[in-house]
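Participant: Letter by letter, the chains look like this.
Number of protein chains: 6
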Amino acid sequence: MPMSDLEFTHLDPHGRARMVDVTPKEPTHRRAVARCKVFMKPETTAAIANREVKKGDVLSVARVAGIQAAKRTSDMIPLCHPLLIGAVSVNFEIGDDYVAIEAHVDCVERTGVEMEALHACSTAALTVYDMCKSADRGMTIGELALWEKTGGKSGTYRRSSEV
Amino acid sequence: MPMSDLEFTHLDPHGRARMVDVTPKEPTHRRAVARCKVFMKPETTAAIANREVKKGDVLSVARVAGIQAAKRTSDMIPLCHPLLIGAVSVNFEIGDDYVAIEAHVDCVERTGVEMEALHACSTAALTVYDMCKSADRGMTIGELALWEKTGGKSGTYRRSSEV
Amino acid sequence: MPMSDLEFTHLDPHGRARMVDVTPKEPTHRRAVARCKVFMKPETTAAIANREVKKGDVLSVARVAGIQAAKRTSDMIPLCHPLLIGAVSVNFEIGDDYVAIEAHVDCVERTGVEMEALHACSTAALTVYDMCKSADRGMTIGELALWEKTGGKSGTYRRSSEV
Amino acid sequence: MPMSDLEFTHLDPHGRARMVDVTPKEPTHRRAVARCKVFMKPETTAAIANREVKKGDVLSVARVAGIQAAKRTSDMIPLCHPLLIGAVSVNFEIGDDYVAIEAHVDCVERTGVEMEALHACSTAALTVYDMCKSADRGMTIGELALWEKTGGKSGTYRRSSEV
Amino acid sequence: MPMSDLEFTHLDPHGRARMVDVTPKEPTHRRAVARCKVFMKPETTAAIANREVKKGDVLSVARVAGIQAAKRTSDMIPLCHPLLIGAVSVNFEIGDDYVAIEAHVDCVERTGVEMEALHACSTAALTVYDMCKSADRGMTIGELALWEKTGGKSGTYRRSSEV
Amino acid sequence: MPMSDLEFTHLDPHGRARMVDVTPKEPTHRRAVARCKVFMKPETTAAIANREVKKGDVLSVARVAGIQAAKRTSDMIPLCHPLLIGAVSVNFEIGDDYVAIEAHVDCVERTGVEMEALHACSTAALTVYDMCKSADRGMTIGELALWEKTGGKSGTYRRSSEV
Numbered sequence: 000m001p002m003s004d005l006e007f008t009h010l011d012p013h014g015r016a017r018m019v020d021v022t023p024k025e026p027t028h029r030r031a032v033a034r035c036k037v038f039m040k041p042e043t044t045a046a047i048a049n050r051e052v053k054k055g056d057v058l059s060v061a062r063v064a065g066i067q068a069a070k071r072t073s074d075m076i077p078l079c080h081p082l083l084i085g086a087v088s089v090n091f092e093i094g095d096d097y098v099a100i101e102a103h104v105d106c107v108e109r110t111g112v113e114m115e116a117l118h119a120c121s122t123a124a125l126t127v128y129d130m131c132k133s134a135d136r137g138m139t140i141g142e143l144a145l146w147e148k149t150g151g152k153s154g155t156y157r158r159s160s161e162v
Numbered sequence: 000m001p002m003s004d005l006e007f008t009h010l011d012p013h014g015r016a017r018m019v020d021v022t023p024k025e026p027t028h029r030r031a032v033a034r035c036k037v038f039m040k041p042e043t044t045a046a047i048a049n050r051e052v053k054k055g056d057v058l059s060v061a062r063v064a065g066i067q068a069a070k071r072t073s074d075m076i077p078l079c080h081p082l083l084i085g086a087v088s089v090n091f092e093i094g095d096d097y098v099a100i101e102a103h104v105d106c107v108e109r110t111g112v113e114m115e116a117l118h119a120c121s122t123a124a125l126t127v128y129d130m131c132k133s134a135d136r137g138m139t140i141g142e143l144a145l146w147e148k149t150g151g152k153s154g155t156y157r158r159s160s161e162v
Numbered sequence: 000m001p002m003s004d005l006e007f008t009h010l011d012p013h014g015r016a017r018m019v020d021v022t023p024k025e026p027t028h029r030r031a032v033a034r035c036k037v038f039m040k041p042e043t044t045a046a047i048a049n050r051e052v053k054k055g056d057v058l059s060v061a062r063v064a065g066i067q068a069a070k071r072t073s074d075m076i077p078l079c080h081p082l083l084i085g086a087v088s089v090n091f092e093i094g095d096d097y098v099a100i101e102a103h104v105d106c107v108e109r110t111g112v113e114m115e116a117l118h119a120c121s122t123a124a125l126t127v128y129d130m131c132k133s134a135d136r137g138m139t140i141g142e143l144a145l146w147e148k149t150g151g152k153s154g155t156y157r158r159s160s161e162v
Numbered sequence: 000m001p002m003s004d005l006e007f008t009h010l011d012p013h014g015r016a017r018m019v020d021v022t023p024k025e026p027t028h029r030r031a032v033a034r035c036k037v038f039m040k041p042e043t044t045a046a047i048a049n050r051e052v053k054k055g056d057v058l059s060v061a062r063v064a065g066i067q068a069a070k071r072t073s074d075m076i077p078l079c080h081p082l083l084i085g086a087v088s089v090n091f092e093i094g095d096d097y098v099a100i101e102a103h104v105d106c107v108e109r110t111g112v113e114m115e116a117l118h119a120c121s122t123a124a125l126t127v128y129d130m131c132k133s134a135d136r137g138m139t140i141g142e143l144a145l146w147e148k149t150g151g152k153s154g155t156y157r158r159s160s161e162v
Numbered sequence: 000m001p002m003s004d005l006e007f008t009h010l011d012p013h014g015r016a017r018m019v020d021v022t023p024k025e026p027t028h029r030r031a032v033a034r035c036k037v038f039m040k041p042e043t044t045a046a047i048a049n050r051e052v053k054k055g056d057v058l059s060v061a062r063v064a065g066i067q068a069a070k071r072t073s074d075m076i077p078l079c080h081p082l083l084i085g086a087v088s089v090n091f092e093i094g095d096d097y098v099a100i101e102a103h104v105d106c107v108e109r110t111g112v113e114m115e116a117l118h119a120c121s122t123a124a125l126t127v128y129d130m131c132k133s134a135d136r137g138m139t140i141g142e143l144a145l146w147e148k149t150g151g152k153s154g155t156y157r158r159s160s161e162v
Numbered sequence: 000m001p002m003s004d005l006e007f008t009h010l011d012p013h014g015r016a017r018m019v020d021v022t023p024k025e026p027t028h029r030r031a032v033a034r035c036k037v038f039m040k041p042e043t044t045a046a047i048a049n050r051e052v053k054k055g056d057v058l059s060v061a062r063v064a065g066i067q068a069a070k071r072t073s074d075m076i077p078l079c080h081p082l083l084i085g086a087v088s089v090n091f092e093i094g095d096d097y098v099a100i101e102a103h104v105d106c107v108e109r110t111g112v113e114m115e116a117l118h119a120c121s122t123a124a125l126t127v128y129d130m131c132k133s134a135d136r137g138m139t140i141g142e143l144a145l146w147e148k149t150g151g152k153s154g155t156y157r158r159s160s161e162v
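Residue numbers (numbering that gives the first Met the number 0), protein chains in the order written: chain A, 0 to 162; chain B, 0 to 162; chain C, 0 to 162; chain D, 0 to 162; chain E, 0 to 162; chain F, 0 to 162.
Keep in mind the hints are simulated off the structure, nothing from the lab.
Each residue gets a CB set at the ideal place from its N, CA and C atoms; glycine is no exception.
Treat the hints with caution; some may be incorrect.
Stated by the list, open to error - To give an idea of the chain A side of the interface with chain E (calculated C-beta under 8 Å), a few residues:
#	residue
1	R17
2	V21
3	S73
With these hints in hand, go ahead and build the complete structure from the sequences.
Facilitator: Written as structure tokens, this is what we have:
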């Protein structure tokens, strides 16, 4: 694909940053799903899992952090449009040496919620890191990606393969 | 290492979330370095690079976003202590199919700035994603990790190998 | 009423926190009225009243704080939906040993403004406390309750009696 | 006590609001404890308690909300000084027809943390209300009071009796 | 014009501050344009201009600051309604001894975006000041004014002459 | 003065934005005074003045807005260091066709409070504009300047003449 086919809608014809105009669009239902993983020692996942059996606090705090982050995405990402989140959920799966995070965001707006879903995932992941870092400083966060989006002019997108 | 050696300082003896007490510590100089990568098509890195030659706006906006995020880390990560950032810088390196991001944060405080450096990186990465997503929706963010920390009771940490 | 009739809409079937989906609803006019009281020494109410005659600053600052808090409710209450406040007013009545606060909030949204009205009241009350605490540290805030809500599927609610 | 003995330190000699000057003070260790109650139907406390046995989400979300609110007190209360919280904990006790909330806040600063402890309590209480309101709209929040403060020129304060 | 013709819609009949009710209005397309100038030494404008040729950072950072400020106007201006910005752009012109700033804001809302355009300009101007103040402390910001607004019941306004 | 004498401390040697390192500095007492004017029709100043005699709400709301803005300066100005304001006051003088605003800010920090004083002034001015704009859309804000700063390595600065 030649580069001229790439569209950078956040840059005006002179290359200056701007927030693109969404006012001509009608509000429609939008949905996005994003995922990431926090890679860690097996001892750390075991400790989180055991805590979860007892109290679930690491994932419970990370869930709240992700939900709140979804609401404040446009505060943190400069060219992201403000919008009113209609629903958010953040869920976790504990693997041998990782915690997987998935965020779903819905709204009825003039623009999509991809960034909100990604921001919810990354903030939940950073919260897991923060709560476990005294035990495992070498954790890494990765595979943060958009898995699905629906609604809007560009239609449906589904990630076809593993990251 | 047995699990009982792991310390989860954000959980009290009953497993409930709390912000750990740093008031007995003296403020000392702290520093942290974090890195991550935004993986993308070569056409996208080329487009960013060319823009950068002309105006540099993608990386320039991402840099500002990362700097501001460092300052607001404790707003987003629930059990993270508020602190006064003394210095932040966010830098980029453009590879064939990725943009690498590195954030340095310094302060004189009772607690470290690891989360601030990681948050600066992840927010800069999400900003790159946001600005390029109309051209390349399949980008992923990965290898977000702490590379160095100095200061504080736990002393110096340096990541020894590739993520 | 058996417990199974209680609905906890913020908890999903597995008891995990989530922000409930309001996207299937149509925006309609919503209104809520909340009230609370700051109980204090008669000397303190007298001082506020006399100041008000002159400058009104305690109540004037508390009114601004309540109005601003209404706008930021979803920032502070984790599972509360963001919405665009259409109108807010915060009013006061000075009794012998209390200041009564009433907040009215209106909007045209997919969800109600009960939390916004309660948050406006509690923040105005805390501001009264903050401004008077050097003179009367024993003040208490109480009787914070929803007095009326209209609009939405659940219809009109009016509190029938004294708290 | 004659009114002239009351001190309203947030008002300047002309009755205008201002943030009082704390720069001449030295930072010292400060601590505050505040409490409040959310009154509700016995069915509601039972439901919260049972959920807590299983997942604890209502109180877990409210705990996170209270901790975050403590950090952002000066954003919400206009004349409150910004300060760096050194520790926060928020705990709950479930009675027959109420949930009691207690917040502890510590810092090393030029001003006290009474407002931070009160704000943590009131935000945790509003979060309990928000999460249970679909089942019990008549809940009230009350008895929000400072129970203890230590540190600073005005010394130690302990509330001597029931609210 | 007699004073009684002046309308202060933010004050209720008793002179108390309130946020006026916009819920009876229908959302329509609104637009506002504001401008201001940062007056400075010719050496300072030359330095900014030269930097811009190379990297453009002063104006690039100020542009991002202005865009973000537009989104957060109702957080800073107490009686300003929250709204969802649909588009923002911030542009600069470098004169001999000033930098001129112009902000355009669009939305589809029940209330206008004049304050958002003015807030974007003033925040961009303060950012220019902040970035250059080590070299030129005597800069002043002036001529901040609304130049155009369209949409809404009060219709179109265009500033007819120089400030 | 040759341009090479100008120092742009927010730009690193490659012209990239960064937050300069203040960690080597010791905290000292800092103070800044800034001023600006809101120019308006004489009828508007008369209306504000009369309101002030009665209730003072326009200036009272603007004062609160300015105080709160001072606390949040580093949120809005990207390269501005976060710091803990120790005192703020915002005062007004009503002229024939303007309202003059003066803000004083004090702190004990590693960096100065010039931006905080300027931000308090500009936010108070925008609040005056917002509250009066329905009556006088042609108001302009100008003469925003630093009038005094003390403390820090660069010592005392006093503006020598009219803007």
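Participant: Restraint: R17 of chain A near chain E, CB-CB cut 8 Å. Satisfied or not?
Facilitator: Holds, because the Cβ-Cβ distance from R17 of chain A to chain E comes to roughly 4 Å (cut-off 8 Å).
Participant: When the nearest CB of chain E is found for V21 of chain A, is that gap smaller than 8 Å?
Facilitator: Hint on V21 of chain A: holds, closest Cβ of chain E at ~5 Å, below 8 Å.
Participant: Let's test the interface hint: is any C-beta of chain E closer than 8 Å to that of S73 of chain A?
Facilitator: Hint holds; S73 of chain A Cβ to chain E Cβ min 6 Å, cut 8 Å.
Consistency with the previously given hints is maintained throughout, with no hint failing.
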